[in-house]
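Protein chains: 6
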Amino acid sequence: MLYLTRRERFSAAHKLWREDWSEEKNFQTFGKCSNPNWHGHNYELFVTVKGNPDSETGFVTDLSAIGQIMKQEVIIHLDHKNLNLDTPFMKGKMTTTEVLVIEIWKALDNKIKSIGARLHCVKVQETENNAVEYYGN
Amino acid sequence: MLYLTRRERFSAAHKLWREDWSEEKNFQTFGKCSNPNWHGHNYELFVTVKGNPDSETGFVTDLSAIGQIMKQEVIIHLDHKNLNLDTPFMKGKMTTTEVLVIEIWKALDNKIKSIGARLHCVKVQETENNAVEYYGN
Amino acid sequence: MLYLTRRERFSAAHKLWREDWSEEKNFQTFGKCSNPNWHGHNYELFVTVKGNPDSETGFVTDLSAIGQIMKQEVIIHLDHKNLNLDTPFMKGKMTTTEVLVIEIWKALDNKIKSIGARLHCVKVQETENNAVEYYGN
Amino acid sequence: MLYLTRRERFSAAHKLWREDWSEEKNFQTFGKCSNPNWHGHNYELFVTVKGNPDSETGFVTDLSAIGQIMKQEVIIHLDHKNLNLDTPFMKGKMTTTEVLVIEIWKALDNKIKSIGARLHCVKVQETENNAVEYYGN
Amino acid sequence: MLYLTRRERFSAAHKLWREDWSEEKNFQTFGKCSNPNWHGHNYELFVTVKGNPDSETGFVTDLSAIGQIMKQEVIIHLDHKNLNLDTPFMKGKMTTTEVLVIEIWKALDNKIKSIGARLHCVKVQETENNAVEYYGN
Amino acid sequence: MLYLTRRERFSAAHKLWREDWSEEKNFQTFGKCSNPNWHGHNYELFVTVKGNPDSETGFVTDLSAIGQIMKQEVIIHLDHKNLNLDTPFMKGKMTTTEVLVIEIWKALDNKIKSIGARLHCVKVQETENNAVEYYGN
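Residue numbers (the working numbering), protein chains in the order written: chain A, 85 to 221; chain B, 85 to 221; chain C, 85 to 221; chain D, 85 to 221; chain E, 85 to 221; chain F, 85 to 221.
To be clear, the hints were calculated from the coordinates, so they are not data collected in a lab.
Hints are supplied without guarantee of correctness; some may be wrong.
No copy is singled out in the list; a pair is fine if it fits within one copy or between any two copies.
[Unchecked claim] In silico EDC-like pairs for lysine to aspartate or glutamate, Cα to Cα no more than 20 Å straight-line:
| no. | residue 1 | residue 2 |
| --- | --- | --- |
| 1 | Lys197 | Asp138 |
| 2 | Lys109 | Asp138 |
| 3 | Lys197 | Glu212 |
| 4 | Lys177 | Asp146 |
| 5 | Lys177 | Asp163 |
| 6 | Lys195 | Glu157 |
| 7 | Lys116 | Glu212 |
| 8 | Lys190 | Asp138 |
| 9 | Lys175 | Glu103 |
| 10 | Lys190 | Glu108 |
| 11 | Lys177 | Glu210 |
| 12 | Lys116 | Asp104 |
| 13 | Lys109 | Glu210 |
| 14 | Lys190 | Asp163 |
Kindly produce the complete structure, drawing on both the sequences and the hints.
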């Protein structure tokens with residue numbers, strides 16, 4: 085079993101904010117991430133798939149095909165977007181990195197299967213100090 | 085003459101947008117950076133000062149003092165903020181990285197002088213592929 | 085289950101040295117790391133915790149809370165310190181990166197539990213070429 | 085159990101190409117990686133070994149010993165070489181990163197055992213966006 | 085005056101080799117870079133242009149336009165190519181990084197002028213340890 | 085004129101400390117860098133030389149020759165050493181990065197001339213946030 089990791093990047097705005105909470109409670113809970121006027125990040129998305137190499141090509145799967153799926157299924161909805169307002173799969177959800185990796189997993193899982201590999205890990209690096217990983221359960 | 089560089093970071097939202105232009109013209113000119121709902125970046129700010137080392141301390145100036153000035157004069161107005169809406173020294177200005185480095189220079193110049201050094205360069209790295217530098221004229 | 089990783093950094097001096105060995109045996113075993121006058125590193129500490137996201141906040145736990153625990157329990161004893169002489173939890177121990185990750189784990193484990201998460205991995209990157217990870221057993 | 089990772093680097097040429105296929109089929113399958121005149125990369129090789137720390141030295145094993153084995157068994161055959169033409173353990177094989185990590189594992193496994201550690205993972209980073217990991221089965 | 089830097093990447097094969105020299109002399113002069121079967125690198129190309137920001141847009145020039153010129157004029161001839169055999173502007177030349185930055189400058193200079201900016205610096209990073217810069221004279 | 089930059093690394097201990105000052109005054113001036121028991125860093129040394137490319141070889145000068153000079157003249161005295169106690173060219177001097185770049189310049193200048201290039205810049209990166217450059221006057 086081999087594990088292939090592909091990185092794609094996106095630059096997005098977001099805020100951590102519950103509409104049903106006061107500004108004070110939002111600030112107490114989410115700190116500077118609750119700025120009502122948004123803030124943003126250069127996110128790095130690492131998708132790891134697993135599989136066995138094909139005896140003819142030596143490929144598990146073409147990593148650029150993984151990149152294409154990442155772009156079509158998630159990056160197009162994330163890059164130069166507002167995660168709270170513009171991203172279909174984040175609508176009505178908290179835009180923490182935790183929720184983001186779970187939703188990205190859901191958006192990619194079947195598409196990865198359709199090219200003969202299996203999704204192993206979705207990792208999002210939000211800043212050089214913070215990252216979250218999800219393995220599907 | 086020695087050149088000291090200090091890095092600080094900020095995560096901010098912005099958009100490239102002229103209110104006196106139509107959405108179409110904004111999009112034609114600024115592309116995906118004109119998303120009305122904002123996007124954002126992890127910016128890296130590199131400030132370079134120059135001076136001669138003190139014979140007693142071996143310091144041109146304490147680099148952590150430079151860091152303090154950067155935080156008090158600019159980072160506090162940039163980090164987890166919206167550059168178009170929240171940053172006093174960007175009000176009414178285009179929030180391109182070009183304009184940003186000039187305004188950061190203006191915000192820092194006198195303060196750097198006041199601790200006995202001279203501002204040499206303000207550099208902002210917007211993404212791993214794009215950066216802008218300004219040397220004061 | 086989600087895995088959150090927080091990075092903090094510390095700059096420290098140390099040497100690999102057994103007092104009950106001769107200088108020759110120390111040098112034979114530990115090479116240049118046995119320099120009696122010490123050497124040092126910019127260490128990077130990556131702490132990974134695991135847990136489930138809270139349905140209200142979307143947080144497993146606030147990553148900046150993890151950062152605070154890291155600073156209070158370990159970084160304060162490591163940064164700009166001598167690992168052999170100044171660090172309480174390394175007293176009388178070899179200051180290899182192997183021993184360091186185990187002792188950092190012990191210093192963090194209960195505190196991480198107390199904020200509702202579980203410690204998953206302690207990783208220390210000593211140089212760009214060398215790193216050690218510990219998963220608690 | 086502790087996990088130690090050592091990085092070494094190599095710069096090599098290769099192409100993805102089957103002699104028993106036409107140039108067209110090679111290009112269809114491998115894209116720009118099938119350029120008949122070769123292309124190349126700065127590869128990063130990360131080898132992770134596992135073991136328990138020695139009570140006297142605090143070492144699982146000397147990481148520079150791992151580095152030596154990596155150099156003698158694999159880097160010498162990879163650095164400034166053509167993976168298709170010059171590397172004994174890649175002869176007659178596809179030079180995908182997938183096949184490469186498996187062959188590097190085979191070349192290292194016994195040597196790592198001989199210094200009292202166990203091979204845990206071989207990872208090759210081909211570009212800043214693409215990496216492959218192998219855990220031995 | 086502002087300085088904008090855009091990074092693009094290319095993966096290429098090359099060798100340092102003079103046909104009018106013996107293999108011995110090539111090896112004596114160029115060391116492992118003279119491997120007859122080629123080797124390769126992940127090169128990073130940094131192009132810096134200078135100019136004044138437009139008062140309406142806040143742009144010196146659109147950095148993605150710089151990226152487009154870099155791709156059309158040079159990257160297309162360098163990426164997944166053999167610098168000695170495939171790159172028109174390197175034909176018959178030594179493929180040292182020194183010669184490469186000069187030829188990239190020549191290939192870009194007029195195109196950069198045509199979008200209203202001036203070329204300031206071409207930098208190529210060959211490995212994490214080696215880089216060459218050229219300022220046009 | 086071309087500019088070639090070579091990076092080498094060293095891991096060293098040091099402290100900022102004047103023997104003719106009290107511990108209090110040392111701490112007031114140098115903060116945590118004055119820890120009597122030392123601290124340390126992974127320093128990165130970037131040496132830039134300038135010259136014209138040779139018409140036969142395409143080299144300004146062999147970058148590995150620059151690396152050799154760096155190793156023999158400075159790295160050997162810095163790596164796994166104590167800058168205050170072990171480094172001949174730092175004896176009796178403050179071990180700030182400012183003083184270090186000047187002394188490294190003096191140690192390299194003539195040797196670089198002897199291989200037909202000219203020293204342009206010595207840069208030392210002390211941490212990911214702090215760096216100092218010196219251009220010889």
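Hint numbers contradicted by this structure: 3, 10 and 13
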